[in-house]
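All chains should be built: construct the whole structure from the sequences, respecting the hints.
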Amino acid sequence: MGELAWLHEDDWLVAVNKPAGLLSVPGRGPENADCAALQVQQRYPDARVVHRLDMGTSGILIFARHLAAQQALSRAFETRQTDKRYEALVTGLVQADDGEVDLPLRCDWPNRPRQMVDAEQGKRALTRWQVLSRDAAQHSTRMALFPVTGRSHQLRVHMQALGHAIVGDELYAEPRVAAASPRLMLHAAQLALPHPGTGLRFVVECPTPF
1 MGELAWLHED DWLVAVNKPA GLLSVPGRGP ENADCAALQV QQRYPDARVV
51 HRLDMGTSGI LIFARHLAAQ QALSRAFETR QTDKRYEALV TGLVQADDGE
101 VDLPLRCDWP NRPRQMVDAE QGKRALTRWQ VLSRDAAQHS TRMALFPVTG
151 RSHQLRVHMQ ALGHAIVGDE LYAEPRVAAA SPRLMLHAAQ LALPHPGTGL
201 RFVVECPTPF
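The sequence shown begins at 1 in UniProt numbering and counts up one residue at a time.
The set of hints was computed from the structure by calculation and includes no laboratory data. The structure presented is a predicted model; accordingly, all values stated were derived computationally and were not measured. Yeah, the Cβ is synthetic: ideal placement off N, Cα and C, and Gly gets one too. Some clues are possibly wrong.
[Said to hold, decoys possible] So the derived label-pair ranges between C-beta atoms look like this:
| hint | residue 1 | residue 2 | range |
| --- | --- | --- | --- |
| 1 | Glu174 | Pro113 | 17 to 27 Å |
| 2 | Phe210 | Glu100 | 21 to 31 Å |
| 3 | Asp83 | Arg114 | 26 to 36 Å |
| 4 | Asp11 | Gln95 | 44 to 54 Å |
| 5 | Trp6 | Glu174 | 31 to 41 Å |
| 6 | Asp11 | Gly163 | 39 to 49 Å |
| 7 | Ser152 | Gly29 | 14 to 24 Å |
[As the list claims (entries may be wrong)] In silico SDA-like cross-links for lysine to any residue, where the CA-CA straight-line distance does not exceed 25 Å:
| hint | residue 1 | residue 2 |
| --- | --- | --- |
| 8 | Lys123 | Ala68 |
| 9 | Lys123 | His139 |
| 10 | Lys123 | Thr149 |
| 11 | Lys123 | Asn32 |
| 12 | Lys123 | Val101 |
| 13 | Lys123 | Asp98 |
| 14 | Lys123 | Gly56 |
| 15 | Lys123 | Arg112 |
| 16 | Lys123 | Met55 |
| 17 | Lys123 | Gly163 |
| 18 | Lys123 | Pro104 |
| 19 | Lys123 | Arg75 |
| 20 | Lys123 | Val148 |
| 21 | Lys123 | Val49 |
| 22 | Lys123 | Leu162 |
| 23 | Lys123 | His195 |
| 24 | Lys123 | Gln81 |
| 25 | Lys123 | Ala136 |
| 26 | Lys123 | Glu78 |
| 27 | Lys123 | Cys107 |
| 28 | Lys123 | Phe77 |
| 29 | Lys123 | Ser152 |
| 30 | Lys123 | Pro113 |
| 31 | Lys123 | Gly99 |
| 32 | Lys123 | Tyr172 |
| 33 | Lys123 | Ser133 |
| 34 | Lys123 | Asp102 |
| 35 | Lys123 | Gln71 |
| 36 | Lys123 | Leu103 |
| 37 | Lys123 | Asp108 |
| 38 | Lys123 | Pro110 |
| 39 | Lys123 | Ala76 |
| 40 | Lys123 | Leu171 |
Dropping the structure here:
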C-alpha cells in the first residue's frame, strides 16, 4: 500500500498524496486500521478529515489542522467552491475530444458499495471530461475528468456509462479491463479551493504516476 507523500503543510491544512491501495480513513477490523488519516495524525495529532478518496484512487487528500479549518474546508466542498481535476486511463478510443456525463446516481444497495444510475431516485451527478491522448495500440484513452458534484464512485460509474470503463476497475469494468492493471488507473491530480486561513485561491497539484 505504501506511505503517503507530503505536498503542503501549514497551520490550517495539510495536503498529501495518497497512494493507490491505502484507505483514506480506517476500515472495519484491525487489518484495515492503517490509512491516510492515521499516517497524517502521527505527524499532526490535531488533523481532521475533510474528504475522502476511494481506496483504489491515488492523489490529493486535504486534512484540516483544527475545527475552524475543518468547517471552512467542508463548507467549500459542500458549496462546490472546489475545482477538482483527475486523470484516468480508460478502455477504448473515446471519439469526441470533450463532453460531459450528467447522470443521477444512488447506492446499489444489494451490491454495496457499488453505485448505479437511477433517473428517479438518484442524486444529480455531473462530470465534465476532456481527452488528453489516445493510444491505438493499447486501445485506451487518457482523460482529464472534472467532477462538478462529488457522489461516491461518480467518475467510475460515469466512465462506465460513457462506454469507457476505467482500466483496473474491479467494480465496474469487464473482467479483462479490470485485470489489465494491478491498480485502478484513476488519480486526483489537482485541487483548488479557498484557503481557510486567507480566503485566497489555494491550488495543490500532484503528478499522475501512470
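_Hint numbers contradicted by this structure_ = 8, 9, 11, 23, 25, 33
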